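Novice: Sequence:
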Amino acid sequence: MEKRVGARGYSVDLRERIVAAALKDPDHQRVAETFQVWVGTVELYLKKHAAGTLKTVKRPTGRRRTVQSEHEQVLLQLLEEDPDASLEEHARKLEAKTGLRISYRTVDRVFQRHGITYKKNAGRLRTK
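Residues 12 to 139 (the working numbering) make up the sequence shown, in order.
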């Protein structure tokens, strides 16, 4: 499955099928109705195909992540150094080390991306 292109863009596969159909059938209205898109979309994809830019995106869409890969590496290093620290403590340590201020929820999402589940040990340690 191809990724979607742009905020509301169609997949690269669909773009290629629209262009192939439009090259075979000069009636762009019929092609647009077949694929349930606007005629302008068909014409735009033909122009992009001719220019060789059908698969490119002008600029990245969506919001950029606050936590970059360097910050993730620092967080993982902090986790190795102190595995029993809370998510809030990890967030504060990251801010002290890099200056990036994030919430404990963001720390949890970073850990989830790396397949790390966070367990609270404080309660289990007290019962022993």
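It is worth saying that the hints were derived from the structure and are not from the lab.
If you're wondering where the values come from, they're calculated on a predicted model, not measured in any experiment.
Even for Gly, the Cβ is constructed at its ideal location relative to N, Cα and C.
Take these hints with a grain of salt, some might be off.
As the list claims (entries may be wrong) - EDC-like cross-link-like pairs, simulated, lysine to aspartate or glutamate; straight-line CA separation at most 16 Å: (1) 108 x 92; (2) 35 x 54; (3) 104 x 93; (4) 66 x 81; (5) 104 x 81; (6) 108 x 81; (7) 104 x 83; (8) 59 x 24; (9) 66 x 83; (10) 108 x 93; (11) 66 x 24; (12) 58 x 27; (13) 59 x 27; (14) 104 x 119; (15) 66 x 91; (16) 59 x 93.
Unchecked claim - Pairwise CB distance ranges (calculated): (17) 41 x 66: 21 to 29 Å; (18) 95 x 27: 35 to 43 Å; (19) 94 x 74: 28 to 36 Å; (20) 74 x 37: 37 to 45 Å.
Novice: Next, verify each hint and record whether it holds.
Specialist: Against the structure, the hints:
1. 108 x 92: 13 Å, holds
2. 35 x 54: 14 Å, holds
3. 104 x 93: Judged against 16 Å, a Cα distance of about 10 Å means the pair holds.
4. 66 x 81: 30 Å, violated
5. 104 x 81: 14 Å, holds
6. 108 x 81: 12 Å, holds
7. 104 x 83: The given pair, whose Cα atoms are some 13 Å apart, holds under the 16 Å limit.
8. 59 x 24: With a Cα-Cα distance of about 14 Å, the restraint between residue 59 and residue 24 holds, given a limit of 16 Å.
9. 66 x 83: Outside the cut-off at roughly 30 Å; violated.
10. 108 x 93: Between residue 108 and residue 93 the Cα gap is close to 14 Å, so the pair holds against 16 Å.
11. 66 x 24: Between residue 66 and residue 24 the Cα gap is close to 9 Å, so the pair holds against 16 Å.
12. 58 x 27: 12 Å, holds
13. 59 x 27: 11 Å, holds
14. 104 x 119: 14 Å, holds
15. 66 x 91: Not OK: residue 66 and residue 91 at ~41 Å, beyond 16 Å, violated.
16. 59 x 93: 53 Å, violated
17. 41 x 66: 21 to 29 Å: 25 Å, holds
18. 95 x 27: 35 to 43 Å: Violated: the Cβ-Cβ distance is about 52 Å, outside 35 to 43 Å.
19. 94 x 74: 28 to 36 Å: 31 Å, holds
20. 74 x 37: 37 to 45 Å: Since the Cβ atoms of residue 74 and residue 37 sit about 41 Å apart, the hinted range of 37 to 45 Å holds.
Figure legend: structure checked against the earlier numbered hints; hints not met, in rising order: 4, 9, 15, 16 and 18.
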